[in-house]
Amino acid sequence: MGLSAKLAGVTPLLDTDLRLGHRRDHVIALVGPNAGRYPYGTSLLVSGPDETLLIDPSLAVSERGGVPTERVDRMLVSHAHEDHLAGCHVFPNATLHAHHADAPALRSLRGLLDVYGMSPEAEEVFAPQLVDDFHYQPRLDAAGFDDGQTFDLGGGLRVEVVHLPGHTRGHSAFLVEPEGVLFVADVDLSAFGPYYGDHWSDLEDFERSLARVREIEARWYVTFHHKGIVEGHDEFRAQVDAFGAVIGAREARLLSFLDEPRTMDEIVAHRFIYRPGVEIVWVDNVERRSMGMHVARLVRDGGVMEVASGVFRAV
1 MGLSAKLAGV
11 TPLLDTDLRL
21 GHRRDHVIAL
31 VGPNAGRYPY
41 GTSLLVSGPD
51 ETLLIDPSLA
61 VSERGGVPTE
71 RVDRMLVSHA
81 HEDHLAGCHV
91 FPNATLHAHH
101 ADAPALRSLR
111 GLLDVYGMSP
121 EAEEVFAPQL
131 VDDFHYQPRL
141 DAAGFDDGQT
151 FDLGGGLRVE
161 VVHLPGHTRG
171 HSAFLVEPEG
181 VLFVADVDLS
191 AFGPYYGDHW
201 SDLEDFERSL
211 ARVREIEARW
221 YVTFHHKGIV
231 EGHDEFRAQV
241 DAFGAVIGAR
251 EARLLSFLDE
261 PRTMDEIVAH
271 RFIYRPGVEI
281 VWVDNVERRS
291 MGMHVARLVR
301 DGGVMEVASG
311 VFRAV
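In our numbering, the protein residues as written are 1 to 315.
Incorrect hints may have been included.
The calculated label-pair distances, taken between Cβ atoms and stated as ranges, are [said to hold, decoys possible]: (1) Arg275 <-> Ala296: 20 to 26 Å; (2) Pro120 <-> Pro178: 46 to 52 Å; (3) His199 <-> Arg271: 16 to 22 Å; (4) Asp241 <-> Ala314: 40 to 46 Å; (5) Asp301 <-> Asp114: 43 to 49 Å; (6) Leu109 <-> Glu260: 38 to 44 Å; (7) Pro92 <-> Gly302: 53 to 59 Å; (8) Pro261 <-> Arg208: 28 to 34 Å.
Quick caveat, the hints were computed from the structure, so don't treat them as lab data.
Remember, it's a predicted structure, so these values are computed and weren't measured experimentally.
Cβ atoms here follow ideal geometry from the backbone N, Cα and C, with glycine treated the same way.
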């Protein structure tokens with residue numbers, strides 16, 4: 001069955017169920033409503049003879065109450081963000097794993113909020129949403145994994161961790177072999193571009209992760225949001241390059257804006273990450289953190305100077 005074919009004889013769990021490759025019983029992409037756009041996403045179900053594993057249980061998995069299999073033995077979470085955890089509560093008996101750097105966020109609500117680094121005002125709004133809308137439940141038993149760690153599902157089927165920090169400290173991809181499927185999580189290849197606006201985000205880590213992931217050869221690439229499934233290494237590399245180019249475009253716009261001396265408050269108000277007019281409670285925090293990393297890099301590299309305390313201008 002081809003990649004884009006619907007499952008025959010199976011009641012769809014989500015809006016679209018797609019099987020990957022020719023071994024139809026091994027890997028299923030569970031694509032959420034609206035092509036997996038936030039708050040939904042694409043989860044990956046990997047079934048071997050010894051174990052069934054679910055990657056990034058989405059909000060749609062939660063709303064539908066499960067996945068098309070008798071059991072889920074293990075869950076892997078690519079990183080600690082609310083939309084990637086929203087279906088974890090459906091499988092209380094499955095073991096839960098995230099990268100060691102992000103695992104504390106699975107163990108307590110306070111740990112998850114620390115990932116974002118929001119203002120107290122934003123936390124007051126967002127914390128109830130994490131519980132009520134995204135069904136967050138602490139998992140004290142959540143275990144950590146490391147880059148290169150492999151989960152063996154039997155019959156030669158295995159899932160290998162590829163650590164890709166930047167989006168969060170522990171953000172990771174998963175390579176399913178021998179199926180040739182790479183789940184790249186929030187390297188989502190969207191026109192919005194890379195997101196590095198949290199306390200646990202890092203601009204230059206994200207750039208290094210993009211350089212690493214574009215060299216990994218697979219047959220299929222699966223994003224959590226937006227693109228969903230990309231076929232072929234050449235096409236994936238082209239889309240990674242376009243995705244990463246958004247970083248340079250933001251920096252070029254910033255340099256143009258700094259033709260005149262500007263404060264960080266002015267940079268934040270100008271909006272380089274979000275569109276002008278977007279006034280969600282945490283947007284200022286994201287703009288300040290993201291563009292603050294750009295400003296710091298430009299100052300370090302000599303493209304921008306601090307002409308007065310907290311006032312910056314392009315050189």
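Going down the list of hints, with the structure as the test:
no.: 1; hint: Arg275 <-> Ala296: 20 to 26 Å; result: holds (24 Å)
no.: 2; hint: Pro120 <-> Pro178: 46 to 52 Å; result: holds (49 Å)
no.: 3; hint: His199 <-> Arg271: 16 to 22 Å; result: holds (20 Å)
no.: 4; hint: Asp241 <-> Ala314: 40 to 46 Å; result: violated (26 Å)
no.: 5; hint: Asp301 <-> Asp114: 43 to 49 Å; result: violated (30 Å)
no.: 6; hint: Leu109 <-> Glu260: 38 to 44 Å; result: holds (43 Å)
no.: 7; hint: Pro92 <-> Gly302: 53 to 59 Å; result: holds (54 Å)
no.: 8; hint: Pro261 <-> Arg208: 28 to 34 Å; result: holds (32 Å)
The structure fails to meet hints 4 and 5 from the earlier list, while all remaining hints are met.
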